[in-house]
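Given these sequences and hints, build the entire structure.
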Amino acid sequence: QKEVEQDPGPLSVPEGAIVSLNCTYSNSAFQYFMWYRQYSRKGPELLMYTYSSGNKEDGRFTAQVDKSSKYISLFIRDSQPSDSATYLCAMRSGTYKYIFGTGTRLKVLA
Amino acid sequence: NAGVMQNPRHLVRRRGQEARLRCSPMKGHSHVYWYRQLPEEGLKFMVYLQKENIIDESGMPKERFSAEFPKEGPSILRIQQVVRGDSAAYFCASSPGQGAGEQYFGPGTRLTVT
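Which chain is which? The protein sequence lines are A and B, in order. What the first sequence shows, in the working numbering, is residues 1 to 110, in sequence order. What the second sequence shows, in the working numbering, is residues 1001 to 1114, in sequence order.
Think of the hints as simulated: they come from the structure by calculation, not from any bench. Think of the CB as a built atom: it goes at the ideal place given N, C-alpha and C, for glycine as much as any other residue. Heads up, a few of these hints could be off.
Stated by the list, open to error - Here chain B is said to cover these stretches of chain A; the calculated rule only asks that three of the stretch's residues, wherever they fall, bring their Cβ under 8 Å from a Cβ of chain B:
hint, segment
1, 35-46
2, 101-107
Stated by the list, open to error - Taking lysine-lysine pairs in the DSS-like style, the calculated list, with each CA pair at most 30 Å apart, reads:
hint, chain 1, residue 1, chain 2, residue 2
3, B, LYS1051, A, LYS42
4, A, LYS2, A, LYS107
5, B, LYS1044, A, LYS70
This is the structure in structure tokens:
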């Protein structure tokens, strides 16, 4: 079993929809959770960073962490075609090692 | 506010040649990570370095691959005697310190071995 599981998609939604992206994990020691956006042939761009459980909001993006269920989510409100990309979750424990999901491909249709 | 810089962006090597990839971390960052990404796959950790120290190279093949982060200058990922299977995108990321949460990535170097 992988430490971090992420549905690869692709996920296609109409413009303006609310998008929900998710990751599950198995290591209860993970404390730091990140979401990255990666456009084709570009480097990952950090979108959200959260510590422990709870919600964090930044503009149209909301990150949720549920440590009891070992489940994290990224919500994108009012999705735009420019949001079309691969979204990677990442997490780490108290050490330096980051574990990444394989990414979910999102396509927002105009 | 320069981000993480990598060069070259694209590198073509013939089998058996050496590939040298460079990474300059963000200003104020002294920790560098190297990752490899194959199409449709996630980022695979290769090596973690601080200035003049290799902290963890457990993700890097023991043969042909080496990395350094000298006191002055960029971090270098070196692949000797490249083979077709080395073709991939190699990303560098930096963070301000061990235990600091965020990692910031460079644009990557796409290595093609012919």
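Status of each hint after checking the structure:
no.	hint	in the structure
1	35-46	holds (count 7)
2	101-107	holds (count 3)
3	B/LYS1051 x A/LYS42	holds (26 Å)
4	A/LYS2 x A/LYS107	holds (25 Å)
5	B/LYS1044 x A/LYS70	holds (21 Å)
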